[in-house]
Each structure stands twice: as C-alpha cells, then as structure tokens.
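Based on these hints, arrange chain B on the given structure of chain A.
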Amino acid sequence: MSGTARAQLRQLARDPVLFVLLMAIAVSIAVFVIYPLIKVLLASFQVDGAWSFAGYAELAERKLYRNALINSLGVGALVGVIGVAIGFVNAFVLTRLDVPGKTLLHYLTILPIISPPFVSAVSILFLFGFNGLVTRQLLGLQDFSIYGFHGVVLSQVFTFAPIAYLSLRGVLASLSPTLEDAALNIGATRWQAFWKVSFPLALPGIASAFLVVFIESMADFGNPLVLAGAAFPMLAPQAYLEITGSFNLSRGATLAIVLLIPSMTAFAIQRYYLSKRQYITVTGKPTASTSKVVSPAAKWLLYGVALLFALLVTAFYAVILVGAFTKVWGFNYAPTIAHFLYVFDVGFESVKDTLVVALVTTPVSGLLGMLVAFLVVRRNFPGRTALEFGSILSFAVPGTVVGIGYIMAFNAPPLVLTGTLAILVACFVFRYVPVGIQSGIAVLRQIDPAIEEAAQNLGATGLTTFRKITLPLIAPAFFSGLVYAFVRAMTAISAAIFLVSANWNLMTVQILNQVGSGRLGVAAAFSVVVIVIVLVAIVIISSLVNRWSRHTSMVRF
Amino acid sequence: MTDSIRIVGLNKAFASPDGGTVAAVRDINLEIGAGRLVTLLGPSGCGKTTLLRMIAGFEEPTSGDIFFGDKRMNDEPPNRRDTAMVFQSYAVFPHLDVFENVAFGLRLRKLGREEIARRVDKVLEQTGLASYARRSPSQLSGGQQQRVALARCIVMEPRVLLFDEPLSNLDAKLREQMRVEIRELQQRVGITSIYVTHDQVEAMSISDEIVVMNAGVVEQVGTPHAIYARPSSRFVADFIGKANFLTATVADGETVEISGVHLPVAEMPARSPGETVAAVLRPEAIHLSPDAGPFRGTVRRVMFLGNIAEYLVEVDGVGSWIVDSANPAEAPLHRVGEPVFLTPSRHALHLLP
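Those sequence lines, one after another, are chains A and B. Note that the working numbering numbers the first sequence so that position 311 is 311, with each residue one more than the last. Note that the working numbering numbers the second sequence so that position 114 is 671, with each residue one more than the last.
Among the hints, a few may not be true.
As the list claims (entries may be wrong) - Take a look, some chain A residues computed to stay more than 12 Å from chain B by CB distance:
{"hint": "1", "residue": "R14"}
{"hint": "2", "residue": "L41"}
{"hint": "3", "residue": "T135"}
{"hint": "4", "residue": "L166"}
{"hint": "5", "residue": "K196"}
{"hint": "6", "residue": "R271"}
{"hint": "7", "residue": "P296"}
{"hint": "8", "residue": "G419"}
{"hint": "9", "residue": "A422"}
As the list claims (entries may be wrong) - If you only want the chain A side, here are some residues facing chain B, beta carbon under 8 Å, derived:
{"hint": "10", "residue": "A5"}
{"hint": "11", "residue": "A7"}
{"hint": "12", "residue": "L9"}
{"hint": "13", "residue": "Q11"}
{"hint": "14", "residue": "I451"}
{"hint": "15", "residue": "E453"}
{"hint": "16", "residue": "Q456"}
{"hint": "17", "residue": "N457"}
{"hint": "18", "residue": "G459"}
{"hint": "19", "residue": "T464"}
{"hint": "20", "residue": "P472"}
{"hint": "21", "residue": "P476"}
{"hint": "22", "residue": "S480"}
What the hints contain is simulated information worked out from the structure, not anything from laboratory work. All figures in this text were calculated on a predicted structure; none of them were measured in a lab. All C-beta atoms in this analysis are idealised placements derived from N, C-alpha and C, irrespective of residue type, glycine included.
Pulled out of the complex, with its shape left as it was, chain A reads as follows:
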C-alpha cells in the first residue's frame, strides 16, 4: 500500500462511524453486485461440472441462439434510432418552441417511465392482437399477427422513447440558443444554423441517449416475452426459458454473458467516452429560450409529432383502463369490476408483497445512493474509483443476468437467501441505486465543499455533516433517488422473475402470468393498481421530502 493510501485511510479512520459504513458498503457491493456476476461468468464456462468452452461453441452453432443474438441487437439498434428521434423531437419542442400545453405534454411523454415496462405490450395486445380492437374489430383482419419483430419494436419504442426524451431534454437545455442566434446573425440560413451549430453540439448527447436506449432494449424482458413469439427468439427471454423451462443453468449463464457483452460495451462508451464530450454552453446569464431556428411550418410539424406521441400514450393507457373494466375484450365489451375483485382476492398476497418489498427498498436505496455519492465526491480513500464503478455497474447489467447471478450465488451456502424477502430487497437496492448515486454526485459537485468543511470545523462529525448539511442540500437528488427506487421496485420484472417464490410474489410477475394464460383483463387491472400505487407514492414521497427539508431549518441533534 502506498504512503498516500495509508494516509487517506488514517484520515478516514478518525471518523469511525463513517469508516465502518464505508467498509459495509464496499463489502455489500462485492457480495451483491460483483459476486453474482462472477458466478454467472464461471458457470458459463462449465458444462456438466467440467471446465469447457462447449457452451459458447454450441451457442455459435445453433441457429436458435445465433438468431436470438442477432434479433436482440437488431431490435436494440432500431429502437435506439426511433426512440432517440422521437425523444429529440419532443425535447426540442418542449425546450425550444413556444407552443401551448407544454407542461401537460411533458407529463404525458414521461408517463410510460412510471408504469411497468410491459404495460404497453398489454395495450398492444388489446389493440392489435388476435382479438385486437384495431386489427380485428375495426379492420377485420383475419391473419394479422402482432407477434415478432414489429410488435417488440413498437412496444419498446413506446416504453423507452421517454427515457431518450428526458436525457435529451437535459442536453438541449444546456445548449444556449444564443449560439443559433449568432449563426443566423452572420448569415446562416435556419437550416444551416440547425445542422451546423445546434445538431453537432447536441450530437454527443444524442449518441449517449441512443446507447442508453440500446442498453434498456437489450435488457428488456417483459415486452419480448409477451410479444416476440416463438418464431422470433431474443436473448433475455431465451436465457429465462433455458433456466425455468429446460433447467439448464449453464446454458442460461452462457446466454446471459452474451447478453452482457453488448450492454457493457455500450455502457463503457457512453460513460467513458461520450460523457466527456458533451457541451454545456449555458452560462450564468439567462437568455431568451425561444428558438428562431425553425420556421413556423416546421414548428407546427414538430409540434404535431410531439402531440402524436402524447396521443399514443393517452390511447395506450386509456385502453388499459377500459380493458381492466371490460368483461372479455374482443367478444364482450360489457363493463365489469370482476377483474379488480380478482386482483384483491386471489392476487392480494402479491399486492401486499410488492408493497412491502418496495417500502423496504425505497428508503434503503435512497439513503445508500446519497451516502455513496457523498463518499465518492467528498472523501479520499483507496479504491474510491472502484467503489463508484461497482456501485453504478448494475445499471449496465441486464436484469436477466442479475437474476441468474442471484440464484446461482445465493442458492447455496455460505449465503442462502432464495425465497426470502432479503434477496428481493438486495437485488432491487443494488440494481436501482445507481440512478440515485449519479444524481447525488451531479448535485453534490455543484455545492461548495467549504459548506461541509464549515460544519466539520464547528464540531460536526462526518456522519452528522452528512445528515444535517449534505442530505438537506441534495434533497432534489434524494427525492429522485427515492422515487426511482420505488417505481422500479413496483415495476421490475427481468431480475425479479427469477427470485420470486411462493412466499414472496410480485404483481409484475402476476401480470405476466395473466397475459400468458390469456386473461388480459386481469393483467390490465393489475397494471392499473400498480400505476395508481406509484402515482400515490410519488405524491407522498414528494410531500415527505418537502416537509423534511423544511424541518431541518430547525435542526435538533
């Protein structure tokens, strides 16, 4: 150990509580993030207990697996392109143009983020399935099938375009329209000003948004499982089927590693290459934000695109809501509350379990995220970069890989957790903490370290400083960390489906089961319940965070 490392540790050890917390965090990241991945990696090189590359060789040979890889990559790329295009148009309209109804449009655009990621798949079945409202009832098509490539792409674009929108909104907001004005001023046409100035400046952000959508699409499990169909294999559902259908753990592990590689590559490019190339041209002085770079015709065209997407969102959710109250979609459209009665009778256990898991996960994940952000930004210790990397790594690891890793890692001693609440909570905490960490780090870098030094100088320990100064100051990041953790705990499926048990079952898994057995009405009712709980929770969390950050202006120790 070098002299600096020893000095850093010595300095850290002066604050024993913080030191112990840091050690605990480091150990749990090793156990719950790194160890399962290593397990998967090792298992992928083992066939019937012996070391071998046979698993990978077989993958290359068999058409099913080759196609699964090609399909997943193709869908990911296409969804990335379409999703970013929609996201960019919506972000441009909502940050730069002077059009009516921007707030409503914003909330409609991000609505898909807070619902289970495959709710759109259920909507698509309602609209375009064998008994779909559009395909069967309106158009009278007999042999149209929504299953396959187009179905998955449609569903994923709907699910992931909002993510591209959010990230591009930030990109566009940090580019000053003054630059466009300057281009126009020296004689550029509007078209030139956009393509020569605004677009190149936004390009790193666009590429970054593309990779994020690509990662999400590769990792997506629910939509492909519902909509891909047997003729169109994809990696994530295939890995799941190998394990639950054929009980072939090692094949599942091999597929998981194949799934992991493109995701990790995209993540590495996004994080270590693109993120350093983004431009921020907005300076302290406020500038008029309405762009002159689009002509009125183009403006209304772009607005039309944004409206169309919002309309699609509204339609999809309306269909879910109506479907939840409809007897048998496609045959009998009489209203009923039978599906909800089923949810609160047969499915009540899973509603309760999901809530418990989410309620335990949320505060742990929120606090952990802020604490890690604090340690990473404000403290020097050996292995700091490794800790940051380890803690956000899970963002890039597809849930399927995590799920397989967890059943391999925690099914046998030394740590047996399968079938417990703990395994679900650990999985969700470490999977969804990166978003909190990242926003915590971003906010914390804006805050003068002297403010925390002042607290220490006045006698506060590291932990008191964190509780009384840092946490209230990064309340917005804390809030988004909490909301994200809750929403994801309520809506996650890809890893959770490996970890649920008779004791601890989740609503999302129930939704998939209902879809699988053709009871779309019950699936819709479950979805409605999830969405309502999430909305209520966001309101409660926001009022709690508000009240608590106001309360701290009367500190008690």
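Using the frame of chain A, we list chain B on its own:
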C-alpha cells in the same frame, strides 16, 4: 481559552498529475503568541491557504507537527480541533436561517436551549445582525453573509480563529469597513487568529504580525512596520508596497555611494568598503524639487491619484525611479520632459542582506 500555536518543520506535498509530487509548503517553523492576530501574506500559490487548512485539519501534513499550546494536533480531526474558520466563500448553510447558522455549532455541543439563544443573540448583536435572525442566507447581501460566517465562528469561543481570504469577495468600501470590524472584534474577544490574504494593505492594517510567504516557504516574519521598513529580501520589498531597487557601493560603516552620491543608511550589514549591495528606496521617501538635490533626472510619466502624484523619473546615471509626492493638489505638477532634482530622505535607504 485561547492558545498559542507552534508549527515545527511542517511540509506538505501534493501528488501532481504527472505522477510526481509538488511541494506546497516547505519546512515551515512558526510561533504565534496567544491572543495575537497573525497574517499569512503572499501571492496565490504560495502555500498560505494550504498552511491554514493544515492548521484547521482539512489537510494532513506530509511531515512536521502542529501544536496548540502544548498539545500536538496532527491526529485530531477537524471537528475536534476547536478552531473556527471564516471561509472565502462564506460557506453559510443555505438551508438554515441566520439564527440557526450561528447556533449550529452550539447545538452540536448539546448546550441548553436558553444558553444557545442567549449566546447567539449576543453575537448577532455584536455583529449587527440582530434584526436578520430569521432571514434565510439567500436574502442577505455579501457583507451580511460574511458577518454570519464571522458570528458563527465567534459564538463558539474557539481556541483559534482562522480566516481564509474572508474579504476577497466584497467590494472595496465594504472590505475596508469589515477589516476594521474584524480587527476590533478580534481584540475584544482576544482569540488567537490566523488570517490569510494576498492583499498587503489588508495585512498591514489588521495584523500584529505578518508572515510573508513565497513558493511554499516563509520569507519574513515581523510587524507590519518592520516588514515595510526593513524587508529581508527583494521579494518582500517588492510584494509589500512599491520599491525602487538600486545597486550601491559600501563607502564606510555608515554610508553607501550611488552614482557619486553618498547616502547614510540606518543599518549596515556586515560588508567591507568597496563591496556592492542591493538597496531598497521607497517611492514616498524621495523628495522632488525643480532646483536643488543630489540627483538629477527627467520626468517621464505623471499619474495624479488624488492623495499622491506618482512620477516615473529617469535619474541621470542611475536608472528609472518611481517617486510619490504627497498632497499633489497644493502645487502644480511637474510635467513630462521637465528636469527635476531628487533628494532621498535621511536613513530611508534600506540595504538587503
């Protein structure tokens, strides 16, 4: 309870981006008497802030020791050193109101509600903040925030007060006013204080003693008067005020000779006649006259500054001197190109060792 501070052989090296180390502070030895206000003065990058942050405990020395009284402080974390620091950026807690900012440290000590209220109110009174107690920092001006930062320190009755360029974000008028207030407050509470600044006027006006630093080492320690009148190096002479640097030849035990003119000096370093020495002559210690004086020259530049006029005079056979004339509004100014005679004040010439 206030303490003297002793710094022994202190070094601080930072890792540099190319993998090596950069010495920020080199072998510093200092003794600061209890109750005194000492300024660390130097250009940016001279190590003064690093030294202050080591005293506060925010930076760990690479080697050497820091004592408060007889107690070695190296291994004490910042929150147990009982120092109170006024930061350059004020570092007022933005989410707490003025009262809670000042009460913060007292609450950490778990004092009773009445005692906290009594002490905070008293300090707010002292710093002229009594009517702002329930304001949030965002509603305060820069000067008021500065006062909050100061009040938050004073209320702790710390063993040592530390100031890290506290006035550099204020405008000129306010800076002068706050400087006087800080000095008066420090004298009243009598707490040992270390004050970092790069502004020599600020250092002169506020300090019992000034420590001039350059490139990580201490150049000179002394009272403001001693440092101005008897700088120990060219760097100190140049950094504190303005100076004309001359080359003189030692004539005997009491005088030196410059361009044929013999001048008396107050202190003669150990040199033998005939040796050359570097000498400092302050601009205000030179008298200009149209008709008589030992040196003759030509005015090359005139600046009227209100309280003084600053001339640049090309002195025959010597070089260019800066000359400050006091009260310039009384008589007509010398014009550019005009011949003038120059007379240094008696004993104004200071020889560098």
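Original post:
If you check each hint against the structure, which ones fail?
Top reply: 1, 10, 12, 21 and 22
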